[in-house]
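Go by the hints and put chain B onto chain A.
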Amino acid sequence: MRALEHSYRTISSIKGPLLFVEKVFSARTGEIVRIISPSGEEREGEVLKIERDTVLIEVFGETKGLDIKNTTVVFTDSLKKIPLSEDMIGRVFSSSFKPLDGIPLPVPEKWVPVTGYPMNPVSRARPEEFIETGLSVIDGLNTLVKGQKLPVFSCAGLPSKEVVAFVLKNAGIRKTDLFKKEEFVIVFGAMGLTFQDYSFYMKTLEEMKAPFVAFINMADQPVLERLLTPRFCLTVAEYLAFDKSMDVLVVLTDMTNYCDALREVSTAREELPGRRGYPGYMYSDLASIYERAGRLKSRKGSITLLPVVTMPEDDITHPIPDLTGYITEGQIVLSRELHQKGIFPPVDVLPSLSRLMQNGIGEGRTREDHRKIANLLYKYYAKGRDLRRLEAIVGREGLTEQDRVMLDFADAFEREFVAQNKRRDIAETLDKGIEIIHRLKIIG
Amino acid sequence: MKEAVGIIRGISGPTVIAEAKGLKLYDRVYVGRSMLTGEVVRLEEGRSIIQVYEDTRGLSIGEPVKSTGMPLTVRLGPGLLSSIFDGLQRPLKRLEEEMGPFITGGRELYGLDYVRRWRFFPLKNRGDEIEEGDFYGYVEEGPFKHYLISHKRGIIKWIAEREISLNEVIAELEDGTELFGCHEWPVRIPRPYKRKLPAFEPLIIGQRSIDLLFPLARGGTAILPGGFGTGKTILEQSIAKFADADIVVYVGCGERGNEMAEMLEEFMKLKDPWTDRPLMDRTILVVNTSNMPVAAREASIYTAVTMAEYYRDMGYHVLFLADSLSRWAEALREISSALEEMPGEEGYPTYLASRLASFFERAGVVETIGGRTGSLSMILSVSPPGGDFTEPVTQSCLRTAGAFLMLDTSLAHRRHFPAINWFQSYSLYTKEVVEFFEKRVSPDWSALRQRCNEILQKEESLREIVEIVGMEGLQDSDRLLMHIAEKIRLEFLSQNAYTEDAFSPPERTLRKIKDIVELYERALDSLKKGQSLEEILR
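Protein sequences appear in the order of chains A and B. When you read off a place in the first sequence, starting at 1, and then add 571, the result is the number in my numbering. When you read off a place in the second sequence, starting at 1, and then add 8, the result is the number in my numbering.
Hint data in this document are derived by calculation from the structure and do not stem from the laboratory. All C-beta atoms, glycine included, are put in the ideal place defined by N, C-alpha and C.
DSSO-like cross-link-like pairs, simulated, lysine-lysine; straight-line CA separation at most 27 Å: (1) A:Lys774 with A:Lys669; (2) A:Lys868 with B:Lys101; (3) A:Lys868 with B:Lys279; (4) A:Lys1012 with B:Lys495; (5) B:Lys277 with A:Lys943; (6) A:Lys1003 with A:Lys950; (7) B:Lys520 with A:Lys943; (8) A:Lys954 with B:Lys495; (9) A:Lys954 with A:Lys912; (10) B:Lys32 with A:Lys620; (11) A:Lys912 with A:Lys1012; (12) A:Lys950 with B:Lys466; (13) B:Lys495 with A:Lys943; (14) A:Lys1012 with A:Lys954; (15) A:Lys868 with B:Lys277.
Here are some of the chain B residues that sit facing chain A, going by a computed Cβ distance under 7 Å: (16) Leu67; (17) Ile69; (18) Lys101; (19) Ala269; (20) Glu273; (21) Arg341.
Just chain A, same shape as in the assembly:
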């Protein structure tokens, strides 16, 4: 350990967000540096690479206004840490950790590095408690459980924002202790927001009943801060979950902006590009975010993660949704077709999947008939959807009586079960499903 901070004015080059400093006596990887521009402005950076006495620094924030001759770099000998406190609940922060509500930062209880540490796999507890989102199509057919990571795959132009807002306003652990403070908290991270999105989400946060902590990174803010935003969220989430025993739901939007930022930074570092220009380590990088969700056997709280991914060109095999799908435990897929039919939320049940659903439903968790109803709804809807293609060829008249019932079921399912404009609790969701099945008198 070094006792003192030391500073240099030996920058040799500045390239995008990168800074080369020479003749550095000693530096460590991941160390935070303060960069003071000729006009006296300060910003932070992180040591990325060291080669003898030359140090490569990644600057968080703008590099505009820096020069080679008069800029000072101060090595602090500490890792990137953020201050944590329970009083952060109810507050909105920027991606440079400045409060956006004009009130000063809460007094920190402790400082914690933002990258976190991997959970020991044997310390993990298996996720099995139901979280109610209020959306039938998720609660009923793609149930979310505490400790799960379940992304929403959207396409450009689909109302993913509204789906997120619905979840933010309505999610809870169970109806009885819904919105009870100290137990359930939402951490919201927004990356690369336009001003319009920003106003929308700020309004949503005002209307929220559950306690929350929010981090907002705007589209015109530095890309490196975009990479920090989800890490801030998860560091706060780990603190609230495992130090303060809360159940934390982390909502991250939009991971596509995050990945594009990652690509931009990787290109600036002149790294070898992988598929579609995204860096080869994107899988590991995304895993270092997504895998922070979970539960521990020895602690009470939990972290559940709901990231939103906008699929470029509606392509589910694009590296961003693809690598996400390989790490997360299922996916909720939004469909353009349903959106055009005016159905909200436009969730396509067929490609959607919650891998941990089996553990979280049934007697004592949701309701004893949950599994049966979910299987029937899925089966009939899949059948109905299959028949729609046949109907397009042979016409409705060419189908048997039973097939026509299935077609009607698929329509009713979309219009009445998937579509909804107000919160349904799990009992209402399941009853709705039963009602549609009974009304259409489906046999076999």
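Same frame as chain A, but now just chain B:
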């Protein structure tokens, strides 16, 4: 050992450049004051490039590098079974006791317990002659006899007949050679054997589609490629639970933490269907989840396969499972790109194919040095990006693997599990293994297999016609076939991993297909006799 041999001159991610003397390629080194484990991957004039297996954050230039004088090794001896290790063979349970639920950094822990006492049963006496590869005694490791193998020939001067611990001498030869209960072995060097034997015995999996259509052999290799959501992990885990092997080594390579937690919990509860003993008794787990260090992920499959070979050398049938090999290849790519090597296809290093091939070669049926027969089979999942099988990892595996069990996204969407595509998949062991099944289970095995294939093929060609004219447009015999094929798909090929049916012994597999095929023959007869299809189906 462990002397400082150099100092750190540069750091870039997991790669460290050191100015050091006396290092050999692939030596294991300790990096920095926090003693992070690393491996020398390149030597140049005046500088050594070290791949660090742990998080390098906080490492500073000027810190020391120490050498162990040995390559990356695992410790082999009693106590490996029912353990859970990370990619460097550190026991995860003890890691938890030492640093809590998060893995915070460098800490050397050995894979074996040196305090535990074992009852030792000698198989040789004083004055006996012993050959290299001979068992000189055993300890009871759960239900298994864990044989201790001599690495030298000679005459036994004295041998223990009491409880032992792993750090004491158990026997001594006349020439002064001391025999211990455990030893170290470099993970990247295959353990030696006398010769390889052809694979002919089936490896019964308990999955009907595999056992009947694409049977695997003991000592063989198989890959399971599939896009996300096709059920690779569930299938790998089902195989780990039900396969007819003595010992199972399972590597969770760069996959989900929650999945591993679920698997651990399940394995603690479940019984081995072949012996009715706790499943963990026969299992070794190596876990390196996707957020654990990348370089250790690369090492994890070697750590695991070395332990698998060790039990093979005792004459056991060992099954090695890895989920997923793609994550290993990606780790290799990350390391290669950090070393600024020239990239090949899709950024993978050009040695990907040869590394994979030599890894696959560690499988096989062997005659051990001591003259016994043991086998090491491999079933490895592959996660092709975007579900595209033309990518380099799948293609390289195809050149060496003996069986290709392709998991199909469209089957998975229809919730047909295991989603093994029955047209694209193949097994090169079919001929030898089917003969075995005919002798052991039923002489009809091969004929039924053939019939099942025919029905499925016919269905596929009829399906296109149905798309256009509908079921009503088909002849009765074809409609019957469609009906039977559906029965095969739903009742025979599908197996729910969460029910009793998850494991199907060969006898049940045979009975099921036989029932369906016989039903078909009877219905065809009735049809010929002029009965209407509606009546028959009722």
